[in-house]
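Q: Taking the hints into account, I'd like the entire structure generated from these sequences.
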Amino acid sequence: MDEKNLRGMIERVKEGRLSRRGFIQRMAVLGLTAPMATQLLAFGGVAMAETPFTYKPTKAGAGGTLKLLWWEAPTLLNPHFATGTKDQDASRLFYEPLAAWDPEANLKLILAAEVPSVQNGGIAEDGTFVIWKLKKGVKWHDGQPFTADDVVFNWEYASNPQTAAVTAGSYNYIKVQKIDDYTVKVLFSRPTPFWADPFVAANGCLIPKHLFEPYIGAKSRQAPWNLKPVGTGPYKFKSFTPGDLVEGVINTDYHQPYRPYFAAVEMKGGGDATSAARAVMETAEYDYAWDLQVSWDLLKKIQAGGKGRLKFAAGTDIEHIQINFTDPNKVVDGQRSSIETKNPTLSDPVVRKALSLLVNRGAVEKYIYGETGWATSNFLNGPAQYVSKKTSWEFNIQKAVDLLEANGWKPGPDGIRQKDGKKLSWLYQTSINQPRQETQEIVKQACHKAGIDLQLKAILASVYFSSDVGNDDTYPKFYADLQMYTTNPTDPDPGFWMQQFLSTQVAQKSNKWQGRNITRWQNAEYDKIYAETTTELDPMKRAAMFIQLNDLVVDNVVVIPLIFRKTVGAAVNELQMELSGWDDDTWDLADWYKETKA
Amino acid sequence: MSRAYILRRLMMTIPSLLGISAIIYAILALAPGDPFGQLLTNPNVPPAVVAQLRKSFGLDDPVWLRYLHWLFAMLHGNWGFSFSSRINVSTLIFERLPVSLVILGAAEILAILVAVPVGVLAGTRPYSLFDKIANTLAFIGFSLPTFFTGLVLILVFSIRLRWLPFVFRTDLSVTGIAWLWQNILQSVMPVTVLGLFQGAALVRYVRASVLDVVKLDYVTTARSKGIGERKVITRHIVRNALIPVVTLVAVQLPVVFGGAIITEQIFRIPGMGSLLISSILSDDTPVVMAITFVYAVLVILFNLFADLLYAWLDPRIAYR
Numbered sequence: 001m002d003e004k005n006l007r008g009m010i011e012r013v014k015e016g017r018l019s020r021r022g023f024i025q026r027m028a029v030l031g032l033t034a035p036m037a038t039q040l041l042a043f044g045g046v047a048m049a050e051t052p053f054t055y056k057p058t059k060a061g062a063g064g065t066l067k068l069l070w071w072e073a074p075t076l077l078n079p080h081f082a083t084g085t086k087d088q089d090a091s092r093l094f095y096e097p098l099a100a101w102d103p104e105a106n107l108k109l110i111l112a113a114e115v116p117s118v119q120n121g122g123i124a125e126d127g128t129f130v131i132w133k134l135k136k137g138v139k140w141h142d143g144q145p146f147t148a149d150d151v152v153f154n155w156e157y158a159s160n161p162q163t164a165a166v167t168a169g170s171y172n173y174i175k176v177q178k179i180d181d182y183t184v185k186v187l188f189s190r191p192t193p194f195w196a197d198p199f200v201a202a203n204g205c206l207i208p209k210h211l212f213e214p215y216i217g218a219k220s221r222q223a224p225w226n227l228k229p230v231g232t233g234p235y236k237f238k239s240f241t242p243g244d245l246v247e248g249v250i251n252t253d254y255h256q257p258y259r260p261y262f263a264a265v266e267m268k269g270g271g272d273a274t275s276a277a278r279a280v281m282e283t284a285e286y287d288y289a290w291d292l293q294v295s296w297d298l299l300k301k302i303q304a305g306g307k308g309r310l311k312f313a314a315g316t317d318i319e320h321i322q323i324n325f326t327d328p329n330k331v332v333d334g335q336r337s338s339i340e341t342k343n344p345t346l347s348d349p350v351v352r353k354a355l356s357l358l359v360n361r362g363a364v365e366k367y368i369y370g371e372t373g374w375a376t377s378n379f380l381n382g383p384a385q386y387v388s389k390k391t392s393w394e395f396n397i398q399k400a401v402d403l404l405e406a407n408g409w410k411p412g413p414d415g416i417r418q419k420d421g422k423k424l425s426w427l428y429q430t431s432i433n434q435p436r437q438e439t440q441e442i443v444k445q446a447c448h449k450a451g452i453d454l455q456l457k458a459i460l461a462s463v464y465f466s467s468d469v470g471n472d473d474t475y476p477k478f479y480a481d482l483q484m485y486t487t488n489p490t491d492p493d494p495g496f497w498m499q500q501f502l503s504t505q506v507a508q509k510s511n512k513w514q515g516r517n518i519t520r521w522q523n524a525e526y527d528k529i530y531a532e533t534t535t536e537l538d539p540m541k542r543a544a545m546f547i548q549l550n551d552l553v554v555d556n557v558v559v560i561p562l563i564f565r566k567t568v569g570a571a572v573n574e575l576q577m578e579l580s581g582w583d584d585d586t587w588d589l590a591d592w593y594k595e596t597k598a
Numbered sequence: 001m002s003r004a005y006i007l008r009r010l011m012m013t014i015p016s017l018l019g020i021s022a023i024i025y026a027i028l029a030l031a032p033g034d035p036f037g038q039l040l041t042n043p044n045v046p047p048a049v050v051a052q053l054r055k056s057f058g059l060d061d062p063v064w065l066r067y068l069h070w071l072f073a074m075l076h077g078n079w080g081f082s083f084s085s086r087i088n089v090s091t092l093i094f095e096r097l098p099v100s101l102v103i104l105g106a107a108e109i110l111a112i113l114v115a116v117p118v119g120v121l122a123g124t125r126p127y128s129l130f131d132k133i134a135n136t137l138a139f140i141g142f143s144l145p146t147f148f149t150g151l152v153l154i155l156v157f158s159i160r161l162r163w164l165p166f167v168f169r170t171d172l173s174v175t176g177i178a179w180l181w182q183n184i185l186q187s188v189m190p191v192t193v194l195g196l197f198q199g200a201a202l203v204r205y206v207r208a209s210v211l212d213v214v215k216l217d218y219v220t221t222a223r224s225k226g227i228g229e230r231k232v233i234t235r236h237i238v239r240n241a242l243i244p245v246v247t248l249v250a251v252q253l254p255v256v257f258g259g260a261i262i263t264e265q266i267f268r269i270p271g272m273g274s275l276l277i278s279s280i281l282s283d284d285t286p287v288v289m290a291i292t293f294v295y296a297v298l299v300i301l302f303n304l305f306a307d308l309l310y311a312w313l314d315p316r317i318a319y320r
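Heads up: the protein sequence lines correspond to chains Y and H, in order.
Taken in order, the first sequence gives residues 1 to 598; the numbers are from my numbering.
Taken in order, the second sequence gives residues 1 to 320; the numbers are from my numbering.
Simulated from the structure, these hints should not be mistaken for lab results.
In this text, a Cβ means the ideal position worked out from N, Cα and C, and glycines have one as well.
No farther apart than 30 Å at their CA atoms in a straight line, the calculated lysine-lysine pairs in the DSS-like style are these:
{"id": "1", "chain 1": "Y", "residue 1": "K209", "chain 2": "H", "residue 2": "K55"}
{"id": "2", "chain 1": "H", "residue 1": "K55", "chain 2": "Y", "residue 2": "K175"}
{"id": "3", "chain 1": "Y", "residue 1": "K509", "chain 2": "H", "residue 2": "K55"}
{"id": "4", "chain 1": "Y", "residue 1": "K133", "chain 2": "Y", "residue 2": "K59"}
Now the stretches of chain Y that chain H is said to cover, found in silico as 3 or more residues with beta-carbon under 8 Å:
{"id": "5", "segment": "68 to 80"}
{"id": "6", "segment": "271 to 282"}
A: See the structure below:
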């Protein structure tokens, strides 16, 4: 797929010969997330589709209290300081962005009046600016009007290094200008095909200038509003106990008609995921429970309680096996897995190919993750309902054996295949987590049949995922041949995500293992194409380059993708809501309502 | 028992508390994890932001300097602020304390109400059928961890029978009698779990203590005077047998805080225990320090209190 094909495809969408969905599916196969694909369409002059309107109630506040159960409790309510999704979700009860991502990766307008497009002059074709028109007549909870000044202020606030906002990544490389009271222009200091990041979705929630202005920079911690939000959202702040409970009451001045349906909202935090699932689907004490990372067997049983049902969202989380291209058993310059070394066996492409054939993704999906995940062989793409049929993964022990035999890897006296005295015997590490240990077992058994010996190792998650330089069991050190965990492109634009295969990003002692290339795979062609993407102005050409990069990673078996994990929540039967997968669980809270049985 | 003795004991707590705080601080500093771990693994957050946060929270200083900072601030009554919610630790703790106290207080009362009569009856009729049953139940009671009994109660009373709620709520919308009733309903299970766990251990102590006293000569004398058995038990046996039990309860009180950590987590009670767990999980050092330190103070103070109480109840004991 090159740039010309890409343009041709967008032309076909324009003429109606290819559906938007079809286009997103094709992009997904090529490794581009759905939001990225819809952005490309926008550049190509195809406007975003409207989020289907499904909200039925005709009166606000008729629904009593909406009870949400988050098993991790929110600890603060300023979206710019959210240390996890729990804080983002809780902030979203009160704060809103200009637009949010719907499940189809279209922008749903919240505080913006229209989606910027090439036709309406909202986006520059070279990706250097975007113009947002704001909704008029929106008021903050204290009655002050919401204007362009607030939007500009949020950029100043978040990009000020003294503020130390966690959203800074979305605001550091832009400039925001006020054109009039209801129009702002976002200028990108580098060409940014993915224009819908600042002021959009979780990182885009807007705080009021008139309250936060004195607390910009180093004083940001002292703002009383960090715990007492004043936003534009469907609910007004009532009370907050950090680590326990957030309460809100209906905002009768809300800017969308007939919304919200509930007169009040509460978000209880704490406990564990399993009992949260029970509190919704078995006892209906709560209306919605978030992030149910519970084994599929148990979830099925709890859902049989009948009071609620599971809600899934196509996420971007991918459980994958990484292959170490360096030698974890040789110490060079005080570190193992040094870039000076070469993995004696896994550096052979044939061996990697054979290993990939020995991973039974079907069994992992069927027996371990159930409906909460789906098998995939594709690393870099989005929703798998688009992908599963098109990509091919294969589980074939015989084929792996033939491949190894043909290339001189013969069984030794102990049954383990070897060549030139180098044995196919690897250490395979991951974090302690039951599904992961079960997956390790499945891979180990298949490898055993093919004459490959795997030693399994499970490490406490708090150690494995820490950045502790003094500990040898962390995932960036990768002192093993294989390792497995879940990762996700937090940014819909692949620019940052693709850095993890750059030669310059190799995690080593010299950079305190902060480098993002953990497999330590180095490829000159990859580096060259990546360098070109950083200067390429044309969004189409750039997208085509990313597709090439993805192909390189897949063809070289740098990683073995296993399962796309879905976001799982549970809602009581009456509650009507959808999860987005590209945005917070509470992305369209204003539209949640209960269908009362007639 | 003199005033000098109390003063001396209080003085002795100072080095203990210093030592305890230094050890806890060292352990927390050595433990893996980082308060900004979640931010570090989120590639959207620029490293500069994390660096700035670390700097502003003083995390880049050497451990001993951080400890001294903490110690001096603590001496001035400044407990620092929580990394995760960015508010003062004292505010957080005082928000949580009342719930814990009510639940733990109720559990301790339940434990005493169950343990004393059962223990006394079992002790005065050793090896009777009642004693054997009481003993067996007590063993089961303190062998089963609270997280297990808690989950069993939830499964039976909330999931199967649907009698009791299992998510503890502090925002009950009703008032008056209904509010009280709702609170009782939601407290039944956690209080039962904690109370019976404590009570089971206490039964054994009461029984042992009663057994000791029953054999003493003065009890035989009382009986031979022809005083009724009931009176012998209440006036003569229990009075003396409970002296060590009272001190034991006092010493155990801080332990109840520890036992409540798991129970609070299971029932989502917003108390000190659940605050401690979530702070440990998010590596929120100032909060963990403050809570563990409060526990340490409680343990030391209650020990002192138990000693003094013992001497007051039993004049034969004298401290110099």
